[in-house]
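Peer 1: Sequence:
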Amino acid sequence: MTMLRNIIFAFLALAALVQPASAEQAYTTSAFSAAQQAGKGIIVHIYAPWCPTCRAQEPILHKLEADPKFSGVESFRVDFDGQKDAVRAFKATSQSTIIVFKGAQEVGRSVGETSPKAIGELLDKAL
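Residue 100 in this note's numbering sits at position 100 of the sequence shown, and the numbers go up by one each step.
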């Protein structure tokens, strides 16, 4: 029993050390502005939970964002239905829009893209 308990504690300790390289966060103007002012690479995903294209993009984005090369990139999710001011500010005409920035400069955008290769090439522009 003691050995099993030690294994469980070791596993939990190891799991606590493993952090995702990049985690998508809910968009806020202040967090986005701070990332821009810091000159970071930024990924913005205009998302709607009812959108099948958005749902297809989500696992692709999460897999790519977990790559260590994106560890310094900030990733934001904008709720297409609930954050209309942000949607307008990004000049997004539809959900499933992915926008990439380097600091304050927009460097790429796609709408409705679900190809992992194309999305990967887009995200690389944030580096």
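Honestly, the hints are just simulated from the structure, not real lab data. This structure is a prediction, so every number in the text was calculated from the model and none was measured. Hints may contain errors.
Stated by the list, open to error - The calculated BS3-like cross-link candidates involving lysine-lysine, where the alpha carbons are at most 30 angstroms apart (straight line), are:
1) K102 to K91
2) K125 to K40
3) K91 to K117
4) K69 to K117
Unchecked claim - For each label pair, taking beta carbons as the anchor points, the in silico distance ranges come out as:
5) K84 to G39: 18 to 24 angstroms
6) G82 to D124: 27 to 33 angstroms
7) R88 to G112: 17 to 23 angstroms
Cβ atoms here follow ideal geometry from the backbone N, Cα and C, with glycine treated the same way.
Peer 1: Each hint: holds or not?
Peer 2: Quick rundown of the hints versus the structure:
no. : hint                            : result
1   : K102 to K91                     : holds, 17 angstroms
2   : K125 to K40                     : holds, 12 angstroms
3   : K91 to K117                     : holds, 25 angstroms
4   : K69 to K117                     : holds, 16 angstroms
5   : K84 to G39: 18 to 24 angstroms  : violated, 28 angstroms
6   : G82 to D124: 27 to 33 angstroms : holds, 30 angstroms
7   : R88 to G112: 17 to 23 angstroms : holds, 19 angstroms
The structure fails hint 5 only (numbered hints given earlier).
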